[in-house]
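Can you build the whole structure from these sequences, using the hints too?
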Amino acid sequence: MRRKTQSHKGKTGAGKRASTPAPALLSERELRRIAERVLRLAKAAGAPEAEVQLDEVSDALTRFANNAVHQNVAERGLTISVRTVADGRTARATTNRTDEDSLRAAIDAAMSLAHSQPKDARLLPLPGRQKYARVNRFIPATASIAPEDRAYAVRAVCDLAIRRGQNAAGIFSSGQMQTAIANSRGLFAAYRQTRAEFSITMQEGAAASWAKANSPRIGDIHPLDLAARASDKAHGAVNARELPPGKYTVILEPSAVLDLLGFLVYDFAATALEDKRSCLNDRMGKQLFGKNITILDDVQHPLQLGAPFDGEGMLRQSVLLVERGVPRNLVYSRYAAKKVRKQPTGHGFPLPNDMGEAPVNLVFGSGKSSIEEMVASTARGLLVTRLWYIREVDPYEKVLTGMTRDGLFLVENGRVTSAVRNFRFNQSMIEMLNNVELMSPAVRAAGEESFEMIVPAMKVRDFRFSEVTKF
Amino acid sequence: MWDLSAHALDIARLRGATYADVRVMHLRQRDLTTKNGQVGTLAQSESIGMGVRVVADGAWGFASTDKLTREGVVACAAQAVAIGKASAIAKRVELRLAPEDAYVDSWQSPFRKDPFEIPLEAQIALLLAADAAMRRVKGVTLTETGMQFRKIDSWFSSSIGSRIHQRKMQTGCGIGATSFQGEEIQKRSYPNSFGGQYALEGYELVERLDLVKHAPRVAEECVALHSAAQCPEKTGTLLLDGSQLGLQIHESVGHPIELDRVLGQEANFAGTSFLTLEKLNKLRYASDIVNVVADARLAHGSSLGTFAYDDEGVPAQCTDIIKDGQFRGYLSNRETAHLIGLERSSGTMRTESWNRLPIIRMTNISLLPGAWSFDDLIADTDDAILMETNRSWSIDDRRYQFQFSTEIGWEIKGGKRGRMLKNPSYSGITTEFWNGCDAICSRDHWTLWGTPNCGKGQPMQTMGTGHGAAPARFRNIRMGTAFANT
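Order-wise, the sequence lines are chains V and X. Mapped onto this note's numbering, the consecutive letters of the first sequence carry residue numbers 922 to 1392. Mapped onto this note's numbering, the consecutive letters of the second sequence carry residue numbers 31 to 516.
These aren't lab readings, by the way, just hints derived from the structure by calculation. Glycine is no exception: its CB is placed at the ideal position from the N, C-alpha and C atoms. Take the hints with a grain of salt, since some may be wrong.
As the list claims (entries may be wrong) - Covered stretches of chain X, as calculated for chain V (at least 3 residues, CB under 8 Å):
(1) 63–76
(2) 413–426
As the list claims (entries may be wrong) - DSSO-like mimics (lysine-lysine), calculated; alpha carbons at most 30 Å apart, straight line:
(3) X/Lys243 / X/Lys121
(4) V/Lys1289 / V/Lys1207
(5) V/Lys1260 / X/Lys168
(6) X/Lys168 / V/Lys1259
In structure tokens form, the structure reads like this:
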């Protein structure tokens, strides 16, 4: 926190000639050909209806610790998953073998599994053809990153750590994936994306701090900037003092907000309410959160990643989940929608499953305050970099527990004055979302407990810390 | 398989690897669940492929492929070497592997009934019967049951001449009832939460656990929790059942003894450890009666941390972790053993699948049994809370401060079990907690619990671990904090 950072934008280490680029994905035409072959085989095997999902991945990850690369891996794989539907019965079989005998065996397995269960009169036939909005999240420059590119970038951040007397650990990963769904009623959907991610922990003695970013565009990833930010904060985290547990005003950086609010995702599933396991049971349409809280699910948001269709190939629609603190809408799979005579929203998981559906592309409403402004407006509070090991304690009041990690700082009279030993929190999310005083513009945040979503930093009063640890 | 593996080793050597090992793995899995009287998930899957790990230019490289052809294997081995050479761009120290013998062997975990051969109709009927028995209890709003079976074959070969085939048969099952009433959701599970009990066994595990018999009790306790008293906030004596103690061992002993964490290799993700190297053989980890081992041998039991060889080709071993309360050992591999003065790895390198790099993992980390009968332990306890079946778990990234909550608690007063308590929780600092242990039940009450969902590594790997535990008593423990409101 005390050191000034230099800008290192654009310095990823990329640009060195790639000697071993990652294997290319299959073309959409090849995917379609495999899908048609599986559907033909299913028909020949006597399956009245069949669905096939293809998932292909080519990923690589360079891992470093103690200022050196210590693990460096690559994987490629294609899985083929077949679901058959017959007479109110459905089941799924998955294989990564593409020869005809293996595909036939998978189809036979799905049919055999399906045949073994009682009939479900409410099981729906497969959906027909759908229309999709095209999204472009496949960036060739990201797909062509080589291990040498990642290694040079890692060496640069490790050199920075050594110069500053610190110890760097983290990852630099890059990859590409695609998914396609086809069924015997003519539905076909395909989506591909690239993804690059850099995460770093800088340690100075017993102190540590952290920064992380990911994007489909390698040009958005700036390892040295992230390293410098983590390094500055690690230096500021030295000599942490112990404070008593209690209720504090907190300024939660976007990663901390993300990892908390990610626990709300499954509560917005229609199936969760049907099962009476959601914190929204008996609370829809009521003023549950503060009026400054609005939550949308929107896969089309420019900062999002993910396929624009769900596990049955239905178009993912934009859904207003919370409007000015009032839970307004849920998301529905086809099955859940049919039960309550609603329209499906395109959020179903691949069938068969127990969970039904979930919104996985949350976009939280923004504010206009920067983190610096939040700090400046705080007489006494805590600045939280990141949270860790979050688990649900009370599913209805949505009490979560977890720890602060990698940089907790005391704010006094509008300034960061010292580092603080890490706390355990036990905090209701419902209560927290009634206590939000300020928010920043929402950003694509990356954490470790939740998948990436679009959330702001938040200043929250009366956040409950129950115990303190030793560092 | 062996021909392809040998070819991969040849290619790795020709491309410049000074060490290489190859794992071909074939994983088969079946999942069955029911929910509210209907079949939920019904799926099976298989995955086969090869992972090649090499040392090239003194640094590690790893690549994997699902193309099990000569061309696919050549490309994979060449890619692993290229990645190793890229790693050398940012290396600081030379790798040093502890010596290990070459083994040619074949091993299979014992089972009596192959779960993949049991008629599916019978498996589904059993789950639906347990589901129905829970739904018959008024007030239950959600019932869930499940079985999972896995058959994992691995063919390991290495450039030092090892060639090891292992087959593991894994079975898991469990049931759960949930009740929403007023402003409260309560849950009970059997035989454990989050899926139940798992072991390297066959269908005999399902038969032995008798889900249908336990279903009514599970449902009745679930509903009764709504009218139970709230677990008080206080510091006092805590009794834990074996399943909760198993998770306590996992989080506050198993993870901190992983040497890769201690050495900072997990600093960015899973965290580090308070068990820094100078504490070995010096730290009083626990009270005198506490003895913990890391034991992957079949003689210890057939759980998720049991094998004949680890995924680096090192034979299964038993290592003292805590001996008479003193901290005695870490989990190590061939790369790290010399850093704690060992001449040989303790054999804990494990991988989730063919497309993941083996990393240091828990095997069976078990608290050895004491001498108490459970009834005698209760009779000997004047004032305590007995907590059963985990509901939530959390611990800091150096494994000092933890908090657990359980599904149900019972007041112990004057040597007798009293009223039911809801929302029990306890918390503390690892070494203070273990030093408060003053009674451990005997082998008659000891179970080797399987934990199927231990996450670690980047990319993330999920691994099964085993934890032997019997009910035990702990003094001066903080309880009830999770639900306190101040």
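Against the structure, the hints come out as follows:
{"no.": "1", "hint": "63–76", "verdict": "holds (count 12)"}
{"no.": "2", "hint": "413–426", "verdict": "holds (count 6)"}
{"no.": "3", "hint": "X/Lys243 / X/Lys121", "verdict": "violated (58 Å)"}
{"no.": "4", "hint": "V/Lys1289 / V/Lys1207", "verdict": "holds (26 Å)"}
{"no.": "5", "hint": "V/Lys1260 / X/Lys168", "verdict": "holds (23 Å)"}
{"no.": "6", "hint": "X/Lys168 / V/Lys1259", "verdict": "holds (27 Å)"}
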